[in-house]
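Given the sequences, and given the hints that come with them, work out the whole structure.
Heads up: the sequence lines are chains A and B, in that order.
Its first residue numbered 1380, the first sequence is counted upward by one per residue in this note's numbering.
Its first residue numbered 1235, the second sequence is counted upward by one per residue in this note's numbering.
Heads up, a few of these hints could be off.
Label-pair distances were calculated between CB atoms; the ranges are [said to hold, decoys possible]:
id	chain 1	residue 1	chain 2	residue 2	range
1	B	1264	A	1448	27 to 33 angstroms
2	A	1385	B	1721	49 to 55 angstroms
3	A	1441	B	1463	33 to 39 angstroms
4	B	1438	A	1442	24 to 30 angstroms
5	A	1478	B	1713	42 to 48 angstroms
6	B	1340	A	1475	29 to 35 angstroms
7	B	1682	A	1476	33 to 39 angstroms
8	A	1409	B	1720	48 to 54 angstroms
9	B	1270	A	1478	21 to 27 angstroms
If you are wondering where the hints come from, they were derived from the structure by calculation, not from laboratory data.
Glycine included, every Cβ here is placed at the ideal spot set by N, Cα and C.
Given next are the chains, with one letter for each unit.
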Amino acid sequence: MSPLQLCLAFSSLLFAVGLTGALARSNSILVLLGLELMLTAGSVNFIAFWRFGPPASPATGVVFAIFAIAVAAAETAVGLALVIAVYRHQRNIRLPEANRLKG
Amino acid sequence: MSPDYAGLFRALGPEAALVVGALAVLGLDLTLFRRHSLGERLRLALWVGSLAVLAAGVHVWRGGAPGPVFGAVLMLDPLAVATRFGVLVLTLLTLGVARSSTAQRQPAEYVALILFAATGLILMAAAQQLLLVFLALELASLSLYVIAGFDRNRPETAEAALKYFLFGGIAAAFLLFGFSLIYGVTGSIELPQIAAQIAVQGANPLLLVALAMVLVAFGFKTAAAPFHLWAPDVYQGAPAPSAALVASASKLAGFTLFTRLLWPGLGAAAGSTASFNAGPGWLPAVAVIAAASLLLGNLVALAQTNLRRLLAYSAIAHSGAMLLGVMAAGRAGPAPLFYYASTYGLATVGAFGVICAAERGGRCEAISDLAGLYKRSPFLAGCLAVFILSLAGIPPLAGFFGKFTVFAAALRLGGVAAPAGSLAILAIALSAVALYYYLIVLKQALVAKPTAGAQPIKVAPATALALFAAAGLIVWFGLFPAELLGLF
Chain A
1380 MSPLQLCLAF SSLLFAVGLT GALARSNSIL VLLGLELMLT AGSVNFIAFW
1430 RFGPPASPAT GVVFAIFAIA VAAAETAVGL ALVIAVYRHQ RNIRLPEANR
1480 LKG
Chain B
1235 MSPDYAGLFR ALGPEAALVV GALAVLGLDL TLFRRHSLGE RLRLALWVGS
1285 LAVLAAGVHV WRGGAPGPVF GAVLMLDPLA VATRFGVLVL TLLTLGVARS
1335 STAQRQPAEY VALILFAATG LILMAAAQQL LLVFLALELA SLSLYVIAGF
1385 DRNRPETAEA ALKYFLFGGI AAAFLLFGFS LIYGVTGSIE LPQIAAQIAV
1435 QGANPLLLVA LAMVLVAFGF KTAAAPFHLW APDVYQGAPA PSAALVASAS
1485 KLAGFTLFTR LLWPGLGAAA GSTASFNAGP GWLPAVAVIA AASLLLGNLV
1535 ALAQTNLRRL LAYSAIAHSG AMLLGVMAAG RAGPAPLFYY ASTYGLATVG
1585 AFGVICAAER GGRCEAISDL AGLYKRSPFL AGCLAVFILS LAGIPPLAGF
1635 FGKFTVFAAA LRLGGVAAPA GSLAILAIAL SAVALYYYLI VLKQALVAKP
1685 TAGAQPIKVA PATALALFAA AGLIVWFGLF PAELLGLF
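Here it is as structure tokens:
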């Protein structure tokens, strides 16, 4: 396996683990963690393609990865704020109990 | 080639105006108006916010030369300019609606976040490079998550915002992963180079995975069928002005963004819908999503008793129809899609505006809470009639002509027997179903007697103006569709 293939296999695994966590967990903090893993998988891909792919413009992949990390951080901040907002009302952060809206 | 910073500065004038406006709203509220009453602070925030939106509109109007900006990072074609204008109009109407919003404890923050969301949306309208696409989408989404959860007194609001955020976050991760694969396959993040590379390479498996992931994000942003789960909850739980912005401006910008991404960018991987067993590509996938949205949206809407959930499921159905417009955009151009999406946005902002205004006079959740609206406020009932009939597609309102142009463009793709044509036939048949649930709403508002003790509703002047403008625009564009279609 070439290094690029190894990196892609790793990032795909990371993405799959994250997606499983985001869909299957009932604790909203763990869902947030899953989401972070999925975003990280995307950043890993960018770095891998930048390092091992055909030479393109100098730093595109790295710049994209840095921006993606910043966006992931912002997303976590908003997510945690919303988790706290839910906690204020139902005194826990379990998603199965956040079921007032349905129909 | 030296970077053209002056051109970039001119092209980003509207965004600058909105950001400066948002900061001015926050600054004024924290300094000069700190000790004033909530009502005065809300009025000031809305005034400053509206001025910022108007300034941004002037910048869009005067805009720079059309064409690519700063290399090819931004594309100022007629579609971008029209979408920017449409988003700004819808934002202005949302601000008018927000005047009536109840339980507003932080008016300045609310208005500032609406302006930040609008900034992201107008960037989405012109972005032509994957990094900028991603950042604009996230700027808009993060602001929308927060304003969707802005009413801290209601548990439903927090829950709706959390669900919106979780689905949106997963969609964003899919989009990022898809973009990384596109970058890997083509070696570029700029749409023109990507298009050239794909035309040379043809479709390979990695590219198809990337397409699937981009389509997941597209489906989320436009609330299309398998990815629609957040929409009913957000429409029901969020404060009415937030729901109006999520349902209208965000949808318009999302459709523009993904049409630009799919046709000029990934058009070579479109595949074909000439027959039912065509090769791989994104067109067949979009066709499946469109069919699922049309069926699910219209049929589930029949069972709804909550007014906002009904609007949400009808929004899913409208997304299906707009996806037909996306499929047809390759040959017919974006004009039918833009006409449909913008007039749909006007009608949705209006409908949520009526809900917001009616909430001041009492509960407005179930469809039966509208009973006797024609006596409680004839103005609101009249506006609601225009909006709902436009959503249902009754001539001479704009909703009818939007459906007509989109379906005609889809039928022209390959006749009635081709997939796009049969989808158009399906959509026309389901419009009859849609008429039923829209008329149930109107029956309550215009025919049913008011419940005992229902008070007349007073509408704030700003909201009345916004609703009147939205209704007027719907009638105007319905009578003179060339005003919009001629822009392209």
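- Item | Structure versus earlier hints - violations, ascending order | Hint 9 is the one this structure does not satisfy, whereas the remaining hints hold.
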